[in-house]
Structure formats: C-alpha cells, structure tokens
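Residues per chain, in single letters:
Protein chains: 2
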Amino acid sequence: MRLNAGLIFMSDTRTNAGVDNISRFRKMFTWEEPGERVITVLTAGNLATSQAVISLLDERTKAPKERRPSLLEAPTMFQVANIIGDTLKEVIKTQKMTGPESEADYGATMIVGGQITGIEPRLFMVYPEGNFIEASEETPFFQIGETKYGRPILLRAYDPDMSFEEAVKLLYVSFDSTLKANLSVGMPLDLQVVETGTMQVGHRRRVEDDDPYFQTVSSSWGDALKLAFKSLPDFTFGPDDQA
Amino acid sequence: MRLNAGLIFMSDTRTNAGVDNISRFRKMFTWEEPGERVITVLTAGNLATSQAVISLLDERTKAPKERRPSLLEAPTMFQVANIIGDTLKEVIKTQKMTGPESEADYGATMIVGGQITGIEPRLFMVYPEGNFIEASEETPFFQIGETKYGRPILLRAYDPDMSFEEAVKLLYVSFDSTLKANLSVGMPLDLQVVETGTMQVGHRRRVEDDDPYFQTVSSSWGDALKLAFKSLPDFTFGPDDQA
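So the protein sequences, as listed, match chains A and B.
Its first residue numbered -6, the first sequence is counted upward by one per residue in my numbering.
Its first residue numbered -6, the second sequence is counted upward by one per residue in my numbering.
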C-alpha cells in the first residue's frame, strides 16, 4: 500500500496443495542497502515458482559482479520490477517447457515496492507474464492471492494521508475478513514499513495468532460492524412492495 | 437467507459474456399456489443453461397432467430440489453431449427455497452436478455467483431473529460491496420475501439504480464503515518492531 508517509506491506504465511496439505512459508522478502535502497517483494501463487525466483534474485545480489542483473545494482525501481518480471517469466517458462506434461499452474504474481535514493518510492504488481503495472493515486494499493473478502474495507477506509499506525489497523481488518472466510489464508502475518526517505526497513513484525492487538481488532471489528450496520437508516416496505 | 420469520431472496440482473457484452436478465423465478406452496429459484452461471432449466420447469407446471415431474405436485421441498437438480444436470449434460466441442462452461448453480403447507420453509443450494445441500442453523444463508466481496458483512451481521426489514438492509449492504468491486454484478436488484406460514410471496420489489433507500444505504455505509474503523483501538509500534 502506498501512503504519503511511505510504503507498507503485509502478507500471510499459509501455502496449500489442497486443504489436507497446508504449510507455513514466508511470502515477504527484502533486500536493502540501508540509506541507499530498500526493495520488498511479496509473492502469491505457485510456491516452487516463487521460491525459485526469490533464490535467483538473492544469489545475484550476493555475487553481483559475476551474476547480473542484480536488484542491488538496478538504477531505478522500474528496472527492479523489470528484472523481477523477467526472472519470474523465465522460471515459469522453464518449468512448463522442461517438466513433464502437467495440469499444474506454475504461475505466480508478485508485488514489488521500495525506494532508491534520489527517487520517490514506487510500488508495482508483476504478472506471471513478466509485465507489470504501477500503483497510482487512483489505485494506491495492490492485493495478490485471495483478494476479494478483504477488498471492500480497503476501498472504503484507505486514505493516502493515514499514518503507518492507521494503515496497520486497516490491513489487520482487511486480513481478518479474509482469514475468517478462507482457509487458504492463515496466520501468522508479516508486516513491514518503509518510510519515505529512509531507504531502509523501518518497523517490521511477525504477527502471531496470540498477538494482543490483532486479537483486539479481530474481536472488536465484529461489534463495530454490527454497530455500523445498526446505525444505517431502517428500511420499511412500501405499498408498492405487495405481491 | 433463512430467518426465523421466513425466507428472503435477493438477486442482481446482470449477465455478461465479457465486459463488452453485458445484458440484463432476471435471475429470480417463483412458482406459487397461494396458501398451498411457494417456490423461489435464484440462478447463477451459464444463462442459456439457467433459462432452459427454468423454461422446462415452468412448462411442466402448466400442463402437469402430461408433463411430470412438476414443481407444483412435488410433495416436499426436498422433492422440489430433487426435480430442479435432475433438470439442471440433464440440461448441462445435453448441452455438452450434443453441441460441438467447446471451451464454454455450461454449468449453473441455483438456490431453491420455499414452503409447502404443513412443512417448515426450506432452503437449498443445487449444484451443476444435480446434487444439493440444505441451509441449517450453522449455515443459514447461501450465495451463488460472485460471493466473496459481500460475504464478510453477512458473516458478521446475520442474526436469525432479524426482521425482514433488517434483512433487506443487510442484503443491500452486502450487494453494495459487491457492486462497488465487480462489474459482473449490476443493478437493478430483485428482492422477495416469503413469510413462514403464508405459502405465498409477501413483499417483492425491483430495486432500481435510483431507489432512494438503496442510495442512502450505499452512501451511508461508507461513512459508517469509516466510523467503525476509527472506533477500533489505535495501534502503536513497540520496541520489538524495529528492523
């Protein structure tokens, strides 16, 4: 999510190959040269694809002289998104071309955000095809994976002027709606803040099941929604409503 | 939706074959013998399939002596659901077997609810395979079609003791969340109430774009949600949240 104050990211940690086969994997990855650049990537979709992409990107940053292009050398966030898109596309293509015939969907989608010194923070969504779009004032946040349950509250309550603290509250509410409806999304959550101009990760937190503030939000949101619902004007049937 | 007071149904009217090809069709159908039985069917999925099923069911009710089984002669709502499931399954099978090879999805899903004199009101969801499930105290409502955006508020605010008027408000809020997020769902809406014991349609309404109460709900819900959101306790980062 893009705010005037900077970028904020949240991801869950559940992956599944059917409801009888769930695991916990991190879906948030960060590369930083503190003070110079910070790059965060969130992943959704095929886990093998996501991990291959992240590993390839990571290897290149560790021996950048021999292995290019490196995220740590790209001059702009646009180039970073380009590198990630190319890597993602290549991994998917290789899986499809070299593996046995399979019904498996090797696709993955990624959110890429960060800042490189001298340029504004930027936020992209990268498609399995390797191309990408950028967040804007009209569309200031991206969701990947199971997006629908949590979307209405984002559409209604997002404000670019909100503080990181308010944004955490909003993301908790949004994730809580999804967690309550879909088993493919599960705790714990990963949270990360990148304040504009710092070129490094600010706050970060792993939000466990027993996180007291998350529990408070989750339980109070039900009551708050019910109150909001009751506050709406009452409906009455009119004479035209008869059968 | 199943309430202690009876059944309430809502459907939209948009169908599409791509965003450049949208139309308006009714998706709510009713058969009644006032005082003896009332049966309401909601449809989602392939429009040709839905219309064929509804037409077949309807024809049989008009010449029940010659054409069986008829919805108006079935002794229980369970048998009604059975007839609808069988008809649906047959229509889909015929389309698939007799048509040219096609990527088209001929599937459709239906919600069937109503009451036959002497028996409690019952509510079913019928799958394209022809089998079905029944609503219960644990799962007192069904959604078909684009279900996700509107689900969180239903999960949070539903109460079996609510009045029909409160249920209308809830369904408006739920549909409004979906309408705001997905072009495949569109106004006007159809609304219908079946009060337990009456064996006939009570209130019914076509809710147009300019319906004043719907507009009020739609605009106040955004503000109510924002207030609810603000009412949640504030988040603060702790010392453990540093990078």
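The set of hints was computed from the structure by calculation and includes no laboratory data.
Quick caveat: nothing in here was measured; it's all calculated off a predicted structure.
Mixed in with the good hints there might be a few duds.
What the hints assert, rightly or not - Distance condition first, Cα-Cα at most 27 angstroms in a straight line; then the derived DSSO-like pairs of lysine-lysine: (1) 173/B - 173/A; (2) 223/B - 223/A; (3) 173/B - 223/B; (4) 223/B - 219/A; (5) 55/B - 219/A; (6) 173/A - 82/B.
Cross-check of the supplied hints:
Under the criterion of a C-alpha separation no larger than 27 angstroms, the hint pairing residue 173/B with residue 173/A is consistent with the structure, at around 21 angstroms. The hinted pair formed by residue 223/B and residue 223/A meets the criterion: a straight-line CA distance of about 16 angstroms does not exceed 27 angstroms. Straight-line distance between C-alpha atoms of residue 173/B and residue 223/B comes to about 22 angstroms, which keeps the hinted pair within the 27 angstroms bound. At most 27 angstroms may separate the alpha-carbon atoms for a hinted pair to count; residue 223/B and residue 219/A meet this at roughly 14 angstroms.
Between residue 55/B and residue 219/A, the direct Cα distance comes to roughly 45 angstroms. Violation of the 27 angstroms bound is thereby established for this hinted pair. This hinted pair does not check out: residue 173/A and residue 82/B have alpha carbons roughly 32 angstroms apart, beyond 27 angstroms.
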